[in-house]
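These protein sequence lines map, in sequence, to chains Z and H. Letter 221 of the first sequence, counting from 1, is numbered 220 in numbering that gives the first Met the number 0, and no numbers are missing. Letter 47 of the second sequence, counting from 1, is numbered 46 in numbering that gives the first Met the number 0, and no numbers are missing.
Because the hints were derived from the structure by calculation, they are not lab data. Fair warning: there could be bad hints in the mix.
As the list claims (entries may be wrong) - With the C-beta cut set under 8 angstroms, the calculated list includes, among others, these residues of chain Z facing chain H:
1) Glu63
2) Arg113
3) Met119
4) Ser178
5) Gly204
6) Leu217
7) Asp218
As the list claims (entries may be wrong) - Okay, the calculated bits of chain H under chain Z, using three or more residues with CB under 8 angstroms as the criterion:
8) 115–122
9) 153–166
10) 196–204
11) 223–230
12) 365–373
Treat the numbers as computed from the prediction; the structure is a model and nothing was measured. Every residue, glycine too, gets a C-beta built ideally from N, C-alpha and C.
Chain by chain, the residues run as shown.
Protein chains: 2
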Amino acid sequence: MSDLIFAYEKCIKPYKNVYELSCCCRIHFLQVEEVEFDGPCMKTEVPGPRSKSVVQVNFFCDYEESKGNYLVDVDGNRMLDVYTQIASIPIGYNHPALTKVMTDPKNMGTFVNRPALGMMPPEQFSEKLVNGLMAVAPKGFSRVQTMACGSCSNENAYKAIFIWYRVRAGPWTVTLVFSFFFQVPGCPDLTLLSFMGGFHGRTLGCLATTHTKAIQKLDVPSFDWPIAPFPQLRYPLGQFERENAQEEARCLEEVEDLIVKWNQKGRHVAGVVIEPIQAEGGDNHASFDFYRKLRGITKKHGCAFLVDEVQTGGGSTGKFWAHEHWGLDDPADIVSFSKKMLTGGYYQKNSFQPDKPFRIFNTWLGDHTKNLLLTEVIKVIKTENLLDQAKRSGKVILEGLYNLQDKYPHLLSRARGIGTFCAIDVKDEDTRNNLILKARNKGVVLGGCGTQSIRFRPALVFTEHHAHLFLDIFNDAIAELK
Amino acid sequence: MSDLIFAYEKCIKPYKNVYELSCCCRIHFLQVEEVEFDGPCMKTEVPGPRSKSVVQVNFFCDYEESKGNYLVDVDGNRMLDVYTQIASIPIGYNHPALTKVMTDPKNMGTFVNRPALGMMPPEQFSEKLVNGLMAVAPKGFSRVQTMACGSCSNENAYKAIFIWYRVRAGPWTVTLVFSFFFQVPGCPDLTLLSFMGGFHGRTLGCLATTHTKAIQKLDVPSFDWPIAPFPQLRYPLGQFERENAQEEARCLEEVEDLIVKWNQKGRHVAGVVIEPIQAEGGDNHASFDFYRKLRGITKKHGCAFLVDEVQTGGGSTGKFWAHEHWGLDDPADIVSFSKKMLTGGYYQKNSFQPDKPFRIFNTWLGDHTKNLLLTEVIKVIKTENLLDQAKRSGKVILEGLYNLQDKYPHLLSRARGIGTFCAIDVKDEDTRNNLILKARNKGVVLGGCGTQSIRFRPALVFTEHHAHLFLDIFNDAIAELK
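When you get a sec, could you build the whole thing from the sequences and use the hints?
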């Protein structure tokens, strides 16, 4: 997209009879039928008077007026979006390919009649899964189960692991009656191992494996399951290889110890769940070697290996799935997804398909509307080589962040990232939050993660041009910090 | 709708180049721009060759061709749908009001850009909630929280209860750090009381309160929470008032005993969760008096009262919410919904709003597309008086079921229902399953529940005419049973 021919057009029109956008310009990309803007355009502080007049949220948006990488709010502010609805907009706002899907009369039956996909799917259901989700399945996966959101995806993936673990050990049909109550052997005392700093959702099963902010767990009953330390690495990773390798070895040893101990006390570890990059927890990375060794430990001890790609999946790391960077032939048993995939769900190995129907089931099992949209998203990603775009833009972002932390060493540190999936640390939480607000008022939407990090989560249509624009504005915002 | 003028039109057109529907007729309802059929039209057994050729599910559907109360499958079979995608189609297939919403260009921004509703909602979000969900809020509720599906609705409603229970007892901020691990006091050992035969979803928190089929719980770790007996009543309820009242008294006593005992052992019962009619568990009713007394017990012991209206809500009992039949001024603390409401979510009393932001949160918090559709559904329900329609059609269904169980006493028993939310028992599970298949091959889609019941779940546009048609075909199917 960087070599597109474009023409400027003066934009003088009333904005919902409230604001005149006369100062703003539009860029018409002539190569595709897409309209983007030439940059942010701020009318008010954000949230502005119209946002504030409605109710207390971050701010209200005008999704009709938003385009490509630009989010427009109800006060007419146009912002470069480097957060994309918590990393869930894959190819920018109002992409013409998606509008086309939504206006295609032959899709109308799917949009207005939501099927119970597990019982009465539409005819083209399998075809859409083949051209959509299965077209980007990680190597080794021939099955996918759709779900409505990230939490439901992990909840059901956990169930698939527990069922797999027990069915492998032999049938338990005689104990069926016991499972009506909380009672072994029907409801077994199995566990999942997760990591400090990991985030896998907020429903009760997921929450037992989520360990980011205490406020997310406070007051809610939980399962007593093993929690391993996640490596606390020094960045840039390449400069601290020896120290980081030691830290990772320490964590892996702890993982193996925990599995052995919990198995010995009869609370068997059925699976290990981990993100390729801990996102909500603060964009914490581990080396590809760490993950390869972790995979080895799970195999050795007969635990399932679940890679949670809810935030990392969908292309922003420069590969469709972040765990594909690890270079394993057999990377995982289950890979869960949601967000940029538009539908939730998980890929599973054949052996994780439950032995009986209706063991993994709910009314809707996802939303076929999202499958139709996803199929187009995947076509756009392939046609426009957006994975390569993410690599190129990511390079600009990361180099820019390195420069900024060199320029402001008292404020910024630990720049890190793969593709556009980047982050940087700010000296403390208050300064981080202040910086996000300053950037927003200058026309860049950002989101925090961990206690003092900013995560960058642009859409896949974020080009080098947008990366430079973002860095310029971000620099201005930092310069304003006292 | 029963007094609509209609005209017949011979329908001779190729069906996707596969079948000629020359034998079938269409009815044009001239009063509304709606096309329905005059009855079922069967081409093959169901699943037919085209359904079977795809993959192993119940059968595949043609959602473009389906209309009103009629579901058309990929083999061209047109069936009267008395199951409606597990009770989740509110006003029939391809209702013109919904098609209009989906083709309205000003909604396109919402359809192709899914917002993170908790952070950056669209401007009209509050307005749509006011005209949609809040327009049908049960008495006493001024807050609603949307979610993506029924399970997520209950999971988060449970969390809201636990948070409410603890915040009421005083702040626990000093214990924040403990909740990172499974450890009191951060993660308290609170419980929820549920009922045998209840169904509240299949994610891990919900599953701890679900007690229908053992296969749904087998092999999955669960919480050890109190389970009370649900009254086993004799039908028709009016004929067995004394026995039923005794049975209900026994269950209520057990509920109170359980709460007292669990509180005494320090595993406090924060809430009680119940359906107004146990649906998945076998369409088990209790008297309105039972629910009123149960509400009293929860108040006496300081437990929250959560009414799960995922299946009963949305109008099929003749009131918008089934629990409105109970005649309480203050019926519940939380009411959860999904299915016919198109979006999941729950209404909550003000005191159940968490004390801090982000305690109940996820990326999408529902799907605004569904809110737009629901707003139209609610308009149609009001304009067309569909709650009254459900009462009238329900009367025909229930009287028909009484007649059938009188006619086939060796096969059928326990006809029961409110509005169109009806059910009947068949002598055993195999006969029940066989009867459902026979009815399907004669053009009526039905679903089972419990071990030997059939549940009837037509859409709200199911008229007396459809009820009679259904009863005729159902009678024919029963007559064929050996």
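Against the structure, the hints come out as follows:
| no. | hint | in the structure |
| --- | --- | --- |
| 1 | Glu63 | holds, 4 angstroms |
| 2 | Arg113 | holds, 7 angstroms |
| 3 | Met119 | holds, 5 angstroms |
| 4 | Ser178 | holds, 4 angstroms |
| 5 | Gly204 | holds, 3 angstroms |
| 6 | Leu217 | holds, 5 angstroms |
| 7 | Asp218 | holds, 4 angstroms |
| 8 | 115–122 | holds (count 7) |
| 9 | 153–166 | holds (count 9) |
| 10 | 196–204 | holds (count 5) |
| 11 | 223–230 | holds (count 3) |
| 12 | 365–373 | holds (count 3) |
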